[in-house]
Amino acid sequence: MLIGTAAFGPGLGLDALLAQVRAAEAAGLDSVYLTQQTSWDALTLVALAGREVPRIGLGTAVVRTYPVHPLAMAGQALTAQAATGGRLTLGLGPSHRQIIEGQYGMSFDRPARHVREYLEALGPLLRGETVQYRGETLAAAGSVDVPDAPPPSILLSALGPVMLRIAGELTDGTVTAWAGPEVVAERIVPALTRSAEAAGRPAPRVLATVMAAVTSRPAQLREELGAVFGAAGEMDSYRRLLDLQGLAGPQDTVVAGDEAALDAEIRRFADAGVTELLVLAVGDEHEQARTRALLADLVGRRVAVS
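The numbers in the UniProt record's numbering rise by one with no breaks, and the one at position 115 of the sequence shown is 115.
There may be inaccurate statements among the hints.
Claimed, not checked - Pair ranges (Cβ atoms, derived):
| no. | residue 1 | residue 2 | range |
| --- | --- | --- | --- |
| 1 | E101 | A72 | 13 to 23 Å |
| 2 | V228 | H286 | 17 to 27 Å |
| 3 | E182 | R55 | 30 to 40 Å |
| 4 | A198 | R97 | 40 to 50 Å |
Keep in mind the hints are simulated off the structure, nothing from the lab. Beta carbons are placed, not taken as given, at the ideal position from N, Cα and C, and that holds for glycine.
Use the sequences and the hints to build the structure in full.
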């Protein structure tokens, strides 16, 4: 299982975000992902980061599909792919009704149909093909020419059975959020794998995101994170997933404890079929530093064994 992290943090400037990318590379981690919200543009950051670090995998987790037409997405993604020397993982997803309708003022009707049609248009564009696509939710006509940029790996934020079926059929895998090892092993990996096999695609990638902290105060930290991220638990798809796991909120998915506890929990993700774990180090500055040191140690031990 690969181990990566995210460059993120409230109020961080460009230099600070790129410093996190450089630190992840120096620590030997396998990947670093940029998130897309309503501030920094994730694909632009990936392109900039690609010129700063020569080795580490780079990706988005995730870019919202509704506000970005497939032709525009293809141009942005292939530009980032060229800038990174072919290291881009394009994580994308439809987001949530509360965001798309509440913030963007766009309709969130039929998200599964939207995602399927979006991917059917985007895939050929990323391969340099000309498309004449007209679906029920979108249309696209034209091509994108970015020389020497191979199509990036695409991951879809998929948690439920319909989205997992689309992910297995039309992408390289899934990005999960607020999903513990049990639900990954029992529901996400089997559904995704069945769909990929039926479509004749290779074994899918499973990128699981998890907040983690090496800390002596796990209960207090989870309470603090609940105050910050609790609203995410009211998003429809997240609420269904949390209910499925019997969890009150996102804070209950946080992996927190000493180094041995985190090591054991990370191994559970690997045993569940996760191919890449995206660890967001949380807590105070000291706790985050201890968490990053543990991740570097885990990657170092894996490399030494191999």
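Hint check results:
The hint said 13 to 23 Å for the Cβ distance between E101 and A72, and at roughly 21 Å that hint holds. Judged by the Cβ atoms, the range 17 to 27 Å given for V228 and H286 holds: they are separated by roughly 18 Å. Judged by the Cβ atoms, the range 30 to 40 Å given for E182 and R55 holds: they are separated by roughly 33 Å. About 29 Å separates the C-beta atoms of A198 and R97, a value inconsistent with the hinted range of 40 to 50 Å.
Going down the numbered hints, you'll see the structure goes against just number 4.
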